[in-house]
Amino acid sequence: MAYELVVVGCSWGGLAALGRLLDHLPDGVDLPVVVAQHRGPDSLRGALEATLRRRLERPVVEVEDKDPIALGRVYIAPPDYHLLVEPGSFALSVDERVRHARPSIDVLFESAADAYGERVIGVVLTGANEDGAAGLARIAERGGAAIVQDPGTAEAREMPEAALAAAAAATVLPLEGIGPHIAELCAVGVS
Amino acid sequence: MALQVETQAGEGTSREELERVEIDLLLEGIYRRYGFDFREYAPASLRRRLWRRIHAERLESVSGLQEKVLHDPVCMERLLLDLSINVTAMFRDPSFYVAFRREVAPLLRTYPFTRIWVAGCSTGEEVYSLAILLAEEELYERTRIYATDINEAVLDRARAGVFALDKMQAYTENYIKAGGTRAFSEYYVAAYDGVQFARSLVENVVFAQHNLVSDRSFNEFNVIVCRNVMIYFDRSLQGRVHRLFYESLAPLGVLALGHKESLASSPHAEAFEELDAEEKIFRRVR
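First to last, the protein sequences are chains A and B.
Residues in the first sequence are numbered from 1482 upward in steps of one, following this note's numbering.
Residues in the second sequence are numbered from 154 upward in steps of one, following this note's numbering.
It should be emphasised that the hints constitute simulated quantities derived from the structure, not laboratory data.
Among the hints, a few may not be true.
Residues on chain B that point at chain A, a partial pick, calculated with CB under 8 Å [to be verified]: (1) 198; (2) 200; (3) 201; (4) 239; (5) 240; (6) 381; (7) 384; (8) 388; (9) 413; (10) 414; (11) 415; (12) 420; (13) 421.
A short list of chain A residues far from chain B (calculated; beta carbon distances all over 12 Å) [unchecked claim]: (14) 1548; (15) 1560; (16) 1591; (17) 1633; (18) 1646.
C-beta atoms are modelled at their ideal positions from N, C-alpha and C, and glycine is treated no differently.
Given the sequences, and given the hints that come with them, work out the whole structure.
Okay, here's the thing in structure tokens:
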């Protein structure tokens, strides 16, 4: 069985880390990459998307409600909404913040695990809180692949450390190693 | 002896699939027992809300919740609150109110009397925000706002107009960014641990129960505001609600959606033009 979706969570220092990860994602990998990056409710709509778009060959889009999930794209959670995954499409919510965050990485990851089960790859990057840990554990529990940025290389190590504590079997890699590892996972398929 | 019970072909045995069956049964039960129809709500956010209630009731499964909800109307009340409260804030998305002043207020000024429908008004923050804006634009006196929600308990809170004191700083900042022309504190007085908004703001507001899923159009409106409500619906239900809005809009009426919503699921998308593309404010032109 093949992997179908990559979900990425990042917070403090996330934009730089995300750019670096995507720079090292081999062109042959066409899985949709869905990103929840913490940011303030007032952060300029489309700003993160525009920054990444300037840098990447891949199309980068800020998600609108019920957008279909297409191959080869990078999807960004809009500010002040939770981003959830359903089979084949996205859904948004304005429910309460989870651990002070909206978008919440846990909400994205848990919905991805529910909708895609073992066909999900979850990646937790730099951040100064514990969001994403529960979500990554859910992905691993449902048979998906869990990857955590090496805390020693992260701008803020709390988030990757918390993710590792919750999902001990996760693969630990520096940013440049994550893209190639995703390519390997795709080549081998879900074990 | 071998097990005689096998799962249906195509219906796997995974936990997710089993839970989907349980949720379908719960929603069917709620519909038949209480008449509330959540069967076409967007599954991912619905599942999160159901699990919040399951944990709060100290239950362990969707089936457990089904048993309790079907036998205990008080538990259904609690679930209904979970499923129908949409978290919002006064002047949420200040840029929307700036655009409303700029694009919509001048249109309203051309009418002697206008009707505005705030559909899915929840606890009323948006209604009071709109009333303040209209008062400042000197339009309130000739406007009637119809504020509807599926949930009576939520409407009671909206009617009361009492909001938490600790929110006022954030609301004041929103109000200023939204182009407010007075001091925000002129609109409320402190009351116990909350603030009470001026009753004059709801003089021209009709709060009424209305279910977007099952109820029909009840008037003709110049403006319909429905922000971040339909994100909780699946596409086919969104399409039906869009039809309801289309049928409820006067010619040249305005439809305002949330920042990340669109007319993509509307069967009448071609009948609208954009008044403000960023703020998702549309005008019915056909």
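Take the shortest C-beta to C-beta distance between residue 421 of chain B and chain A; is it under 8 Å? violated (17 Å)
Against chain A, with CB atoms and a cut of 8 Å, does the hint on residue 384 of chain B hold up? holds (5 Å)
At a threshold of 8 Å, is the proposed contact between residue 420 of chain B and chain A supported by beta-carbon distances? For residue 420 of chain B, the interface hint is violated, since the closest Cβ of chain A sits about 15 Å away, which is over 8 Å.
Compute the least Cβ-Cβ separation between residue 1646 of chain A and chain B, then decide whether it is above 12 Å. holds (22 Å)
Classify the hint on residue 414 of chain B as holds or violated, based on whether any CB of chain A lies nearer than 8 Å to its CB. holds (5 Å)
The hint names residue 415 of chain B as touching chain A; please verify it with the least Cβ-Cβ distance against 8 Å. Interface hint status for residue 415 of chain B: holds (6 Å vs cutoff 8 Å).
12 Å Cβ clearance of residue 1560 of chain A from chain B: violated (9 Å)
Once the shortest beta carbon distance from residue 200 of chain B to chain A is found, is it less than 8 Å? holds (7 Å)
Holds or violated: is there a CB of chain A closer than 8 Å to the CB of residue 413 of chain B? holds (5 Å)
Does residue 198 of chain B pass the interface check with chain A, least Cβ-Cβ distance below 8 Å? holds (4 Å)
Beyond 12 Å from each Cβ of chain B, as asserted for residue 1591 of chain A: violated (8 Å)
Per the CB criterion, is residue 388 of chain B less than 8 Å away from chain A? holds (6 Å)
Hint check: violations occur at hints 12, 13, 14, 15 and 16; the rest are consistent with the structure.
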